[in-house]
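Listed in order, the protein sequences are those of chains R, V, A and B. Going by this note's numbering, 144 is the number at position 144 of the first sequence; the sequence numbering is gapless. Going by this note's numbering, 74 is the number at position 74 of the second sequence; the sequence numbering is gapless. Going by this note's numbering, 139 is the number at position 139 of the third sequence; the sequence numbering is gapless. Going by this note's numbering, 271 is the number at position 271 of the fourth sequence; the sequence numbering is gapless.
To be clear, the hints were calculated from the coordinates, so they are not data collected in a lab. Treat the hints with care, since some could be wrong.
One copy or two, either will do: identical chains are not told apart, so a pair holds if it fits within one copy or between any two.
To be verified - In silico EDC-like links for lysine to aspartate or glutamate, alpha-carbon gap of 20 angstroms or less:
1. K95 to E50
2. K218 to E35
3. K288 to E50
4. K214 to D316
5. K239 to E99
6. K218 to E318
7. K218 to D52
8. K215 to D297
9. K211 to D324
10. K87 to D250
11. K239 to D91
12. K233 to E37
13. K310 to D250
14. K218 to E243
15. K215 to E35
16. K239 to E79
17. K310 to E84
18. K214 to D297
19. K211 to D52
20. K87 to E282
21. K215 to E244
22. K214 to D57
The chain contents come next:
Number of protein chains: 4
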Amino acid sequence: MEKPIKKIAVMTSGGDSPGMNAAIRSVVRTCAYLEIECVGIYRGYQGMIEGDFAPMDARSVNNIINKGGTILKSARCLEFKTPEGRKTAYDQLRKAGIEGFVVIGGDGSFRGATIFNKEYGFPVIGIPGTIDNDITGTRYTLGFDTALNTVVEAIDKIRDTASSHNRLFFVEVMGRDVGHIALNAGVGAGAEEILIPEENLGLERLLESLKRSKKSGKSSSIVVVAEGDKTGKNVFELKQYVEEHLPIYDVRVSVLGHMQRGGTPSAFDRVLASRMGVRAVEALLEGKTNLMVGIIDNEIVLTPIEEAIKGHTSIDRELIRVSDIMTV
Amino acid sequence: MEKPIKKIAVMTSGGDSPGMNAAIRSVVRTCAYLEIECVGIYRGYQGMIEGDFAPMDARSVNNIINKGGTILKSARCLEFKTPEGRKTAYDQLRKAGIEGFVVIGGDGSFRGATIFNKEYGFPVIGIPGTIDNDITGTRYTLGFDTALNTVVEAIDKIRDTASSHNRLFFVEVMGRDVGHIALNAGVGAGAEEILIPEENLGLERLLESLKRSKKSGKSSSIVVVAEGDKTGKNVFELKQYVEEHLPIYDVRVSVLGHMQRGGTPSAFDRVLASRMGVRAVEALLEGKTNLMVGIIDNEIVLTPIEEAIKGHTSIDRELIRVSDIMTV
Amino acid sequence: MEKPIKKIAVMTSGGDSPGMNAAIRSVVRTCAYLEIECVGIYRGYQGMIEGDFAPMDARSVNNIINKGGTILKSARCLEFKTPEGRKTAYDQLRKAGIEGFVVIGGDGSFRGATIFNKEYGFPVIGIPGTIDNDITGTRYTLGFDTALNTVVEAIDKIRDTASSHNRLFFVEVMGRDVGHIALNAGVGAGAEEILIPEENLGLERLLESLKRSKKSGKSSSIVVVAEGDKTGKNVFELKQYVEEHLPIYDVRVSVLGHMQRGGTPSAFDRVLASRMGVRAVEALLEGKTNLMVGIIDNEIVLTPIEEAIKGHTSIDRELIRVSDIMTV
Amino acid sequence: MEKPIKKIAVMTSGGDSPGMNAAIRSVVRTCAYLEIECVGIYRGYQGMIEGDFAPMDARSVNNIINKGGTILKSARCLEFKTPEGRKTAYDQLRKAGIEGFVVIGGDGSFRGATIFNKEYGFPVIGIPGTIDNDITGTRYTLGFDTALNTVVEAIDKIRDTASSHNRLFFVEVMGRDVGHIALNAGVGAGAEEILIPEENLGLERLLESLKRSKKSGKSSSIVVVAEGDKTGKNVFELKQYVEEHLPIYDVRVSVLGHMQRGGTPSAFDRVLASRMGVRAVEALLEGKTNLMVGIIDNEIVLTPIEEAIKGHTSIDRELIRVSDIMTV
């Protein structure tokens, strides 16, 4: 392998997700292993524009594989959406001798990277870090598995109290545009119904389902609701609606919120992050650019970033069916 | 030890808390050990009125010591607040040959028990099962320790994402009248401020504290807020207030909700439950009544239920001071 | 879909693994959904021979999706290896009107199933339940993901104390013939070396690696060792060997043992179990037999059981490379 | 409060325990709050002798409250047991301008501190940090509560597999001289028998108990054994003994090992550490010395170190009785 590149940078951008630190560690250590210089960029594109850089060696990422969040911090950055902002960023990278970068983030972060790549021909490789699992070109995004475990553990606790009181709970989980967390966590937690943005179950069917559930002898019910569900009602409105139409139910609401983004990454996410980081650095050294590292059928693969952000992950119809069957 | 009593009942009442199952198990096994009959009453006083009873032997409580919630279920019961309801309950108990009962619950449940005891001279012993730790006559209520761990683990996750984005979070925890969960979990989670019902910190001081925190170089802040805090504002209003007065902060809100009531009980709560259950049964057999089992300085003690519910637990001033010092 | 089969059975066999209960639940509920009778067989083939059966309806599997172990119990059964044993088992199944069964277990259990199928033409479908992930025809076996999380969490704790004392730990994990747990958990836990049955790293290289690790400034080291590693030494002998040759190290040993088989299943294993159970029942109803349900690239697929047990899963060379790079 | 002392040091010594970092943080922040200089001593007395010091300010202990282990490291130090070693240590402290220190550790560490104090009149305050809970003058040592939770969670997992196979497990837990972990974790995990150093149950009684347990219909059994139990047999010998005398049992062994020392501290240990650290610094500033901070009935108290190490914690007889009753 030739080494056209002598110095690369790594950064995290957009919403954080568990496994980002493990991916940073992997990028940094792969650089150390291949004797390339590595620089950390703080606070995503904002730090790139401000030149908020720090050199990173193998030891600087000790003991972070099991930490949630990102030691490089993350931030939204409006300035990078302007040509001027990107020009400043480019100047900062050049000044620091950086010849390529790895960006760990979601589709917003990738959009910025690909525009930047086109304008300046600057080598970029993306690693999909988001709990939403909404990026094509990879079966799993970094953090999705951990978030599922967090949600399922929280619902296990809620079920304890739900079944002690024969209550119905609406549990809101993250997912503004996609229902992957809701659907998988709902099946994993044994939810009676799952409301996702991709499907309009309809309020009528929800009531039917709840009535059936009650009749079948279930002592409690959990309905998992993605933030962006299509009923047009948020969890508090759903509670009110059900209480009006099914007064037999004592309804409660729980919004899981930001704890879903944090926490010690699962074994799966740590291994995935380690593998993706290696491939990202290698890809840069192979002269590749504008690609995203993904995992398909347990193989690490590369996809053009533009495809990754253009595509649209679709919900797993089979899993919806499994969910229906499980709530018999 | 004479055995004036041949058959006792056990029930859970009011809001559930982790450790209730371990306490049920302890009551049932102590009865088996002492060769007393034991009956489980389902759904608290409601089940008592309805005669919803089931015999329980040592094996019927296998594998529940580590389960959250209560296998005997719990319920609110307005009917038991009426003389007629209590009369029916008394008749049911007599009909079933029950000569005393152990009620696991909070102060509402104890109030019912003590009235019933006075009216019918029926032997009752209480075990304090509530996450709020708001009952006098015991240093710890069953479930408090587990709830603290649940809250602290959730805030650990929230801090991951808070510090990745330099955000301020208001985290609402349970505690309508008392701030024990908020204060202890706040100290345990390293919160920057803790708002509790017992203290009116004042919004001015909150702003001062947050300003100081920012100046001291902290990258993120967590403010723990008990449901019943005295600022007169809920977490969403607090968010708005701070955003108006300290626009430097990117503020988020998280309401932990009912997951605080569930989950596998901690080692502490399981041991406490086991000890309390033994003492409760023994007390009944010793002819005692209208008492609550508590723990003071690691000794199991008995307190008149009336004192337990009349008293008022006060907040630990030293812990408030510790919290202030820790956020230097 | 025609329904040639009216009554099926489900059982667990061999070593237990997390997710078995979720798979039982799925089989039972799918039967209920499709209005087929379902029977649980206790203690695997032993219970089959003894006719230890119980009817199972949708409610009989309430609240088990998150429980480790198997409510149907498991057992080794020498008798089923004899023609007489299998004859008795066949008679029991016929007597009970059972027309097909789903066996959840590892390759030993599948071997029995396929012989039985050949002898009696009895419809059988297998679900791969084992923490070892050593079965071809599926990317993941039920319980593997949970076991990885258990191991990684345990090593995280061990690392706390290792790095406080600058110690070297040999941690033995399960895997007599295959190193999947060791390799994945080793990468996930950031182990300095990983010893697996598939590779003879050699003691010399281990010493070299440890010397390099010390020199690079690492304060502590974890070496993950699969039970069946090829160095010819167990963890206690490894400790002795290293202490003799590298007296600079203060070495400790930890054998994780059977806790790796238990515990609440991860979200991944619960979803996988739910999907596999549905497919298993459907396959029986479609008249299929002697197949194992697997997951390949997130699709549920069927493989002849004979292929599944003949094949040999190979270790992921790329992951060995990732591990090498990570320990730079 | 006058401030005779302007600069203090903090260190951890002996075996590490969860909560040590939270105590370090508390000492450091209390110094910052009171405007005293604070110095961290690395690797206990060894670092004291070598002058391995570093200044610590409030921000240097960010994000450690929830970390196991100790950021100041720990070590055994033979040299400090010699007058020459202590002389060197004293010189180092003087040279650095340190006027008092807080040592977080067990009774070995306290012994060193009190000798040092006598020889040089150097102000020292101890904080009891050990998972064994074997120090008088405090109801709880730092790390005990976390260790109990770790053990109970591990046994919960072991029970899953034990009850799936109707097996008997001997689980060895830490406690060479004292059985507090074994007794409390045994009760918390619902163990059938608990073998501790303080009691010689006798092998006969163990067999009797196991026979009774089998007869009573229990499907599996867990026996918790403290390292230093009095039967004169280790867990492997116990396994052999039981297999010979009770061939009906399929016996397995699990040695939990060093994972018991690590892990994220529980809420209880974090709060305790925070309170103890504040009191330790205040005591030094009040001119006190040679005392240990403890907690008795939820009050922070001071005890002469010599009493703390002379005394002997005794096992809780009531808890042994509770354990007996629970295994009916």
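Going down the list of hints, with the structure as the test:
1. With identical chains, the CA atoms of K95 and E50 are at most 20 angstroms apart within one copy only, with a shortest distance of 12 angstroms there and 43 angstroms across copies.
2. In this homomeric assembly, K218 and E35 come within 20 angstroms of each other (Cα to Cα) only across copies, at 18 angstroms, whereas the closest approach inside a single copy is 61 angstroms.
3. In the homo-oligomer, the alpha carbons of K288 and E50 never lie at most 20 angstroms apart, since the shortest distance is 26 angstroms inside one protomer and 51 angstroms across protomers.
4. Within a single copy, K214 and D316 get their C-alpha atoms no closer than 27 angstroms, and across copies no closer than 45 angstroms, so neither meets the 20 angstroms cut-off.
5. In this assembly of identical chains, the alpha carbons of K239 and E99 never lie at most 20 angstroms apart, being 54 angstroms within a copy and 42 angstroms across copies at closest.
6. With identical chains, the CA atoms of K218 and E318 are never at most 20 angstroms apart, being 24 angstroms at best within one copy and 41 angstroms at best between copies.
7. In this assembly of identical chains, the alpha carbons of K218 and D52 lie at most 20 angstroms apart only when taken from different copies (18 angstroms versus 56 angstroms within one copy).
8. Neither within a single protomer nor between protomers do K215 and D297 lie at most 20 angstroms apart by alpha-carbon distance, with minima of 42 angstroms and 38 angstroms respectively.
9. In the homo-oligomer, the alpha carbons of K211 and D324 lie at most 20 angstroms apart inside one protomer (15 angstroms), although the nearest pairing across protomers, at 47 angstroms, exceeds that limit.
10. Taking CA atoms no more than 20 angstroms apart as the test, K87 paired with D250 passes in neither setting, with 58 angstroms inside one copy and 27 angstroms between copies.
11. Proximity of K239 and D91 under a CA criterion of 20 angstroms is satisfied in neither setting, with 53 angstroms inside one chain copy and 38 angstroms between copies.
12. Taking the closest pair of Cα atoms, K233 and E37 never come within 20 angstroms of each other, the shortest separation being 51 angstroms inside a single copy and 39 angstroms across copies.
13. In this homomeric assembly, K310 and D250 never come within 20 angstroms of each other (Cα to Cα): the closest approach is 43 angstroms inside a single copy and 30 angstroms across copies.
14. Within a single copy, K218 and E243 get their C-alpha atoms as close as 18 angstroms, which meets the 20 angstroms cut-off; across copies the closest is 44 angstroms, which misses it.
15. Proximity of K215 to E35 under the C-alpha cut-off of 20 angstroms is restricted to the inter-copy arrangement: shortest distance 17 angstroms between copies versus 66 angstroms within a copy.
16. Taking identical chains as interchangeable, the C-alpha atoms of K239 and E79 are never at most 20 angstroms apart, the minima being 41 angstroms within one chain and 26 angstroms between chains.
17. Taking identical chains as interchangeable, the C-alpha atoms of K310 and E84 are never at most 20 angstroms apart, the minima being 25 angstroms within one chain and 62 angstroms between chains.
18. In this assembly of identical chains, K214 and D297 lie within 20 angstroms of each other by CA distance neither inside one copy nor across copies; the values are 40 angstroms within and 37 angstroms between.
19. In this homomeric assembly, K211 and D52 never come within 20 angstroms of each other (Cα to Cα): the closest approach is 57 angstroms inside a single copy and 24 angstroms across copies.
20. For the identical chains of this complex, K87 and E282 are neighbours neither inside a copy (27 angstroms) nor across copies (55 angstroms), given an alpha-carbon limit of 20 angstroms.
21. In this homomeric assembly, K215 and E244 come within 20 angstroms of each other (Cα to Cα) only inside a single copy, at 18 angstroms, whereas the closest approach across copies is 50 angstroms.
22. Only between protomers do K214 and D57 lie at most 20 angstroms apart by alpha-carbon distance; the minimum there is 16 angstroms, versus 59 angstroms within a single protomer.
Against the hints set out earlier in the document, violations occur for numbers 3, 4, 5, 6, 8, 10, 11, 12, 13, 16, 17, 18, 19 and 20.
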